[in-house]
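Q: What follows is the residue order along each chain.
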Amino acid sequence: MNAGAENAPLTFGRVHNLPIIRLIDGINEVVGRIVSIVAIVFAGIIIYDVFMRYFMGEPTRWAFDVTKQLYGFYFIMLGGYALRHQAHVRVDLVTERLGRNARRWVEAAGYVIFFFPFAWVFARRSWDFAMTSYGQGEVTYGAVQLPVYPLKMAMFVAAVLLLIQGVSEFLKLVLNKADHLEPMEPLDVR
Amino acid sequence: MSGESIALIMSGLLLLGLFMGHPLAMVLGGTAVLGAIIAGKPMVLGIVINRIFGDVLDNYVLIAIPLFVLMARFLSDSGVTDRMFEALRHLMARVTGGLGLAVVFISILLAATTGIIGASITVMGMMALRPMLQYGYDKRLATGLIAASGCLGILIPPSIMLILMASYAPGLSVGQLFAGAMMPGVVLGVMYAIYVAVIAWLRPDWAPPVADEEQISRGAMWRMLIVEAVPPLVLILGILGSLLAGIATATEASAIGAVLALLIVITRGRFEWKTFYSALLETGRTSAMILFIVVGATAFTGVFNITGGLRASQDLIRGLADDPYTLVAVMLLVVFILGMFLDWTGIVLLSFPIFLPLVSEMGIEPLWFVVLMAVVLQTSFLSPPFGYALFYMRAIAPPEVSTTDIIRGVLPFIALIIVMCAMIILFPGLVTWLPTTLYGG
Amino acid sequence: ENWTMTSTWPSSLELIEIDKHWVELANSLIDDDKLTIEFYEGGSLVPAGEVFGAVESGTIQAGADWPGYWAGRDSAFSPLATTASLFNAVDYVNWIQEWGGADLYNEVYGKFGMVYLPYGVTNNESGFRTVDKPIKTIEDLNGLRLRLSGLEQGKLLEKLGGNQVSMAGGEIYQSLERGVIDGAEFSTPNVDFSGGFQQVTKYWSTPGWHQSSSVFGVMINKAAWDALDEETQSRLETAADATMLWSLAFTEKRATEAFAQFKEAGTEINRLDDAALEQIQKMANQTIEEVACENPLSAKVYASQIGYLQDYASWRDASAPFNLGRTPNGPDLAKIEGCAQ
Ligand code: NA
Ligand code: NA
Chain A
1 MNAGAENAPL
11 TFGRVHNLPI
21 IRLIDGINEV
31 VGRIVSIVAI
41 VFAGIIIYDV
51 FMRYFMGEPT
61 RWAFDVTKQL
71 YGFYFIMLGG
81 YALRHQAHVR
91 VDLVTERLGR
101 NARRWVEAAG
111 YVIFFFPFAW
121 VFARRSWDFA
131 MTSYGQGEVT
141 YGAVQLPVYP
151 LKMAMFVAAV
161 LLLIQGVSEF
171 LKLVLNKADH
181 LEPMEPLDVR
Chain B
191 MSGESIALIM
201 SGLLLLGLFM
211 GHPLAMVLGG
221 TAVLGAIIAG
231 KPMVLGIVIN
241 RIFGDVLDNY
251 VLIAIPLFVL
261 MARFLSDSGV
271 TDRMFEALRH
281 LMARVTGGLG
291 LAVVFISILL
301 AATTGIIGAS
311 ITVMGMMALR
321 PMLQYGYDKR
331 LATGLIAASG
341 CLGILIPPSI
351 MLILMASYAP
361 GLSVGQLFAG
371 AMMPGVVLGV
381 MYAIYVAVIA
391 WLRPDWAPPV
401 ADEEQISRGA
411 MWRMLIVEAV
421 PPLVLILGIL
431 GSLLAGIATA
441 TEASAIGAVL
451 ALLIVITRGR
461 FEWKTFYSAL
471 LETGRTSAMI
481 LFIVVGATAF
491 TGVFNITGGL
501 RASQDLIRGL
511 ADDPYTLVAV
521 MLLVVFILGM
531 FLDWTGIVLL
541 SFPIFLPLVS
551 EMGIEPLWFV
561 VLMAVVLQTS
571 FLSPPFGYAL
581 FYMRAIAPPE
591 VSTTDIIRGV
601 LPFIALIIVM
611 CAMIILFPGL
621 VTWLPTTLYG
631 G
Chain C
632 ENWTMTSTWP
642 SSLELIEIDK
652 HWVELANSLI
662 DDDKLTIEFY
672 EGGSLVPAGE
682 VFGAVESGTI
692 QAGADWPGYW
702 AGRDSAFSPL
712 ATTASLFNAV
722 DYVNWIQEWG
732 GADLYNEVYG
742 KFGMVYLPYG
752 VTNNESGFRT
762 VDKPIKTIED
772 LNGLRLRLSG
782 LEQGKLLEKL
792 GGNQVSMAGG
802 EIYQSLERGV
812 IDGAEFSTPN
822 VDFSGGFQQV
832 TKYWSTPGWH
842 QSSSVFGVMI
852 NKAAWDALDE
862 ETQSRLETAA
872 DATMLWSLAF
882 TEKRATEAFA
892 QFKEAGTEIN
902 RLDDAALEQI
912 QKMANQTIEE
922 VACENPLSAK
932 VYASQIGYLQ
942 DYASWRDASA
952 PFNLGRTPNG
962 PDLAKIEGCA
972 Q
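Residue numbers (the numbering used here), protein chains in the order written: chain A, 1 to 190; chain B, 191 to 631; chain C, 632 to 972.
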């Protein structure tokens, strides 16, 4: 969304001197760079399945469920990474008119009012959700039985990644280290 | 607490969060949590997780979104669009208004290959705006035309907006929506072209022909057109053809599209690991951005429903309209106004759960209604103060083009979109003819 | 008390009528200050696949379902929902009400902190509808990609040479239209007709051997159930019994009407012959034995069902031809009882 996102891909973004911010940003950066590759994996599986079905007349039994699970894993794990790069869409009609400091505090308040309650409930409840599924050894329903709980556990991990990235972004705002407050450019691809 | 109060409180929180500049996805999710607590029903928050998992993660249809985003990235990396425009520009330059027509035609073609608009507007803006201004095109006409034509990408299939709509509209498939939006999208593009032609005829100085010395030989021009335009055409046919001819699902078509686009990059010798990897990273961020809005919205809608806010909102709309036409008019107006402030993802996800039950209650054809929504949502990209197309143009346009020029430039096109909506209401066949022909009644 | 209840069925599927019937009956039988059930159509609160989790966690108090959807959590849910070539609707009613079935529903759902009231039963499902290849014999199944629900059902189809494709109800129509699958089973004829399958399939192969009858009902969170007084609980049960009787007649009437509509729409209907059904019965028995022996609880349910069939056989066969349905030559009871230990 901002200029940083445009240049970020092969740099490590701005390195902050507070260890906790560095750590969190580093974790989500590494997760983002690895998980982003999964898109090619499920694209490949879909193509393979289409090929097997129309040219070999033998559809795979597993492709449907596996691609669905990989896709779910892919986007949910990238939530924190997207937040780290300020890629989540927002409306800054009002805040862009504010002074830098006022804007900083208004944005920090947004984290307190909206982000943390949501991210906390998301993490807390998905933990229960994942543990219930794990305890039951839940599998998909039908002749092919794939375990479902790994994806539910990934959802919990993703919620935690999002939550800690929120902590990092909040600290950047409060400590006046946020670099996204410069004038924004629109999203590069939409 | 009554449904009315909770509807009011949750809408208020939503507006507050938006104007505080907080990410939409998190505002929606946060409002869901606060709404449940304020309504005195914190235990309903469990459905938030059920919904996020069942509606967003475990959703085969939505797989197409990251893949169409990836395809758009590969396609813009391939340079196909740049050269296609160059060729058409030379072909049409001699005609009054020719450059403008070239913009519309390329945009329609691009729209048929990509499901997102950012790529179209950025590419067209960079390619077309400079020559148009250089040859004396009116600033407002040039910027408005490029912005509006670029938005066709999300109406003419494939489109991630239609995919999301299908996922939220029970009983409608992506294929039906793609077929339904095809004619309205192309007709809207043709209306833009007619508008340019009429302006060029009335005010030739706004859209002058291009000077001769800029032109290249006809042979070179045709060669360019054939060499440059054929691969993307194959791509279009591959994707839409396979989808509509009954071979692949939208999800499968998106995977095929992404791989075809990558092949075009490779065969043109433009492949580099570095750009390939950055395309993946950017696709990851964009997909997470879109799908997290779905996450937030599904949380919001679930709580809004279970606390009675949804029913209260529906009663409110019912009270405003007692016949189908008024109802549709009210809904179009609501979407138009929301479009000034919100992006399409939020509008679709918030309005569909409220609107669609009312629509089926009134006996309105859901396919027709959803496509009508898709058409009116074109304005959300163009209408100030919040419109992606305006932001893209602002970022691309040279300083001598003022933001006011851009906004005044898009106004006629917003009017044309509204005319298009009226035409769909008067002639429902524009939407229903193709899906009925392809899929039966 | 105030309960929030939802269903696995969207308002577009006629199966939701059974849920609504029970809710309306329960609400009218029970004073508002004792209990009011607020019903939300499927998908509006939680997606269909999450209704179980929402009731289990107590987020909502009640959820209408078809038990087979939860077979991924415990395969014993499968025989509570349907059987391959075993029970008809009357068998389910007999077994649930007088041969100990009701307790088994509560035992299986009880594992997940829920009470279960079965309140809907539909007889034999339509069977497979195919686009351009009629299924007249078992050989015709060979190599076909068919949409089919269920674990036992999928394994049985694979034994018969077909391939199971799992997909949500909403995707079937388009997949038939575009040839992604060769055919599909969905539900009873009336529900199938409302899904528009006559527009995209030429052939219909009866009977529905994969799902000889189906049960529907409501999952109730145990804590919410325990919070009710006995009087209210018993009225909910009364409403369930009344709804079950109604659902059978309602669906059979609607299925008969829909059968005529399918014929009118030009669908070619073929019935598999008795020899074919006998062969399917053997394979079904094998499948049931295999699946039951992977899970003692599933074996326990099957053992109870087969025990009922054998017990009832003496009188059922003696009263022929005025009897209720047939006595299937079912799976090996002793073997399944052995697996239930
Ligand atoms: Na498009
Ligand atoms: Na707008």
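It is possible that part of the hints are untrue.
Heads up, simulated DMTMM-like pairs for lysine to aspartate or glutamate below, C-alpha to C-alpha not over 20 Å straight-line [said to hold, decoys possible]:
1. C:Lys764 / A:Asp49
2. B:Lys464 / A:Asp128
3. C:Lys764 / C:Asp734
4. A:Lys177 / A:Asp92
5. B:Lys231 / C:Glu789
6. B:Lys231 / C:Glu632
7. C:Lys742 / A:Asp128
8. C:Lys651 / B:Glu194
9. C:Lys790 / A:Glu58
10. C:Lys833 / C:Glu925
11. B:Lys231 / A:Asp128
12. C:Lys853 / A:Asp128
Hints were generated in silico from the structure; no laboratory data involved.
For clarity, every value in this text was computed on a predicted model and none was experimentally measured.
Q: Does each hint hold? Answer for all of them.
A: So, going through the hints one by one against the coordinates:
no.	hint	in the structure
1	C:Lys764 / A:Asp49	violated (23 Å)
2	B:Lys464 / A:Asp128	violated (41 Å)
3	C:Lys764 / C:Asp734	violated (43 Å)
4	A:Lys177 / A:Asp92	holds (19 Å)
5	B:Lys231 / C:Glu789	violated (47 Å)
6	B:Lys231 / C:Glu632	holds (14 Å)
7	C:Lys742 / A:Asp128	holds (17 Å)
8	C:Lys651 / B:Glu194	violated (25 Å)
9	C:Lys790 / A:Glu58	holds (16 Å)
10	C:Lys833 / C:Glu925	violated (39 Å)
11	B:Lys231 / A:Asp128	holds (19 Å)
12	C:Lys853 / A:Asp128	holds (18 Å)
The structure is inconsistent with the numbered hints 1, 2, 3, 5, 8, 10, although it conforms to all the rest.
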